[in-house]
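For the sequence shown, position 115 (counting from the first letter as 1) is numbered 115 according to this note's numbering, and the numbering increases by one without interruption.
Read the hints as simulated data drawn from the structure, not as lab findings. All values reported here derive from a predicted model rather than from experimental measurement. Beta carbons: idealized from backbone N, C-alpha and C, even for Gly. Possibly wrong hints are sitting among the right ones.
Claimed, not checked - Straight-line Cα separation of at most 27 Å, DSSO-like style, residue types lysine-lysine; simulated pairs:
#1 93 with 13
#2 44 with 101
#3 93 with 44
#4 44 with 24
#5 101 with 144
#6 24 with 101
#7 5 with 21
As the list claims (entries may be wrong) - Derived CB-CB ranges, DEER-like:
#8 43 with 77: 24 to 32 Å
#9 94 with 31: 27 to 35 Å
#10 1 with 25: 32 to 40 Å
#11 82 with 25: 36 to 44 Å
#12 58 with 26: 29 to 37 Å
#13 56 with 25: 19 to 27 Å
#14 93 with 126: 14 to 22 Å
#15 35 with 127: 30 to 38 Å
#16 149 with 103: 39 to 47 Å
#17 51 with 16: 28 to 36 Å
#18 46 with 8: 30 to 38 Å
#19 106 with 9: 36 to 44 Å
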Amino acid sequence: MLTWKDIIRFSTKGNPEPDRKVEKTEAEWREILTPEQFRITRQKGTEAPHSGAYCEAHEAGKYNCICCDTPLFDSTIKFESGTGWPSFHQPIKENAVKYIKDSTFGMIRVEALCNTCDAHLGHVFQDGPPPSGLRYCMNSESLKLQEVGSAELR
Numbered sequence: 001m002l003t004w005k006d007i008i009r010f011s012t013k014g015n016p017e018p019d020r021k022v023e024k025t026e027a028e029w030r031e032i033l034t035p036e037q038f039r040i041t042r043q044k045g046t047e048a049p050h051s052g053a054y055c056e057a058h059e060a061g062k063y064n065c066i067c068c069d070t071p072l073f074d075s076t077i078k079f080e081s082g083t084g085w086p087s088f089h090q091p092i093k094e095n096a097v098k099y100i101k102d103s104t105f106g107m108i109r110v111e112a113l114c115n116t117c118d119a120h121l122g123h124v125f126q127d128g129p130p131p132s133g134l135r136y137c138m139n140s141e142s143l144k145l146q147e148v149g150s151a152e153l154r
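Modelling step: build the complete structure from the supplied sequences, incorporating the hints.
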């Protein structure tokens, strides 16, 4: 189980190697993403709080990257944070998420990206529930839910 100490270590000393890498040009990303998905995932945007499709979602399944379909989070690790964004306390695998120190907007945070395609997902905070104490605060626009029983569920 990842802890805040692991997140800080990854963000300062280097991230785990992903299982694969996906690289596309800006034009290729624009072809497959909606304008809002592109703004958030490729330009590091943020959706308005309480506006995302997965804020209140409780369906069982896996939350995959909207850009490259890499599994990132499982519904069993999702929790209600009250922040207005879908929140998780662990990624599906240690190397699914990439961590970058983010000092924009006059604060220091840890940005979470898809480790496969570098899509901006959101941020990680140390105010989550036990046992990890982590809160992965994600943008719904960065995710795609593969519900249990779906033909595409991995």
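> Per the hint of 29 to 37 Å, is the separation of the Cβ atoms of residue 58 and residue 26 within bounds?
Replying inline: holds (35 Å)
> Is the hinted range of 19 to 27 Å satisfied by the C-beta distance from residue 56 to residue 25?
Replying inline: violated (35 Å)
> Holds or violated: are the alpha carbons of residue 5 and residue 21 at most 27 Å from each other?
Replying inline: This hinted pair holds, its Cα atoms lying about 26 Å apart.
>> With the threshold set at 27 Å, check whether the alpha-carbon distance from residue 93 to residue 44 stays at or below it.
In response: holds (23 Å)
> Holds or violated: 36 to 44 Å for the Cβ distance of residue 82 and residue 25?
Replying inline: Since residue 82 and residue 25 have Cβ atoms about 39 Å apart, the given range 36 to 44 Å holds.
>> Taking 30 to 38 Å as the stated bounds, is the beta-carbon spacing between residue 46 and residue 8 within them?
In response: Violated - the Cβ-Cβ distance for residue 46 and residue 8, about 22 Å, lies outside 30 to 38 Å.
> If you draw a straight line from the CA of residue 93 to the CA of residue 13, is it 27 Å or shorter?
Replying inline: OK: residue 93 and residue 13 at ~19 Å, within 27 Å.
> Is it true that the C-beta distance of residue 93 to residue 126 lies inside 14 to 22 Å, as the hint says?
Replying inline: Hint holds: Cβ distance 20 Å, inside 14 to 22 Å.
>> Given a hint of 32 to 40 Å, does the C-beta separation of residue 1 and residue 25 actually sit inside it?
In response: holds (37 Å)
> If you check the beta carbons of residue 106 and residue 9, does the distance land in 36 to 44 Å?
Replying inline: violated (24 Å)
> Honestly, do residue 94 and residue 31 meet the 27 to 35 Å range at C-beta?
Replying inline: Between residue 94 and residue 31, where Cβ atoms are some 31 Å apart, the hint holds.
> Quick one: are residue 51 and residue 16 within 28 to 36 Å, going by C-beta?
Replying inline: holds (32 Å)
In this structure, the earlier hints numbered 13, 18 and 19 are contradicted, and the remaining ones agree with it.
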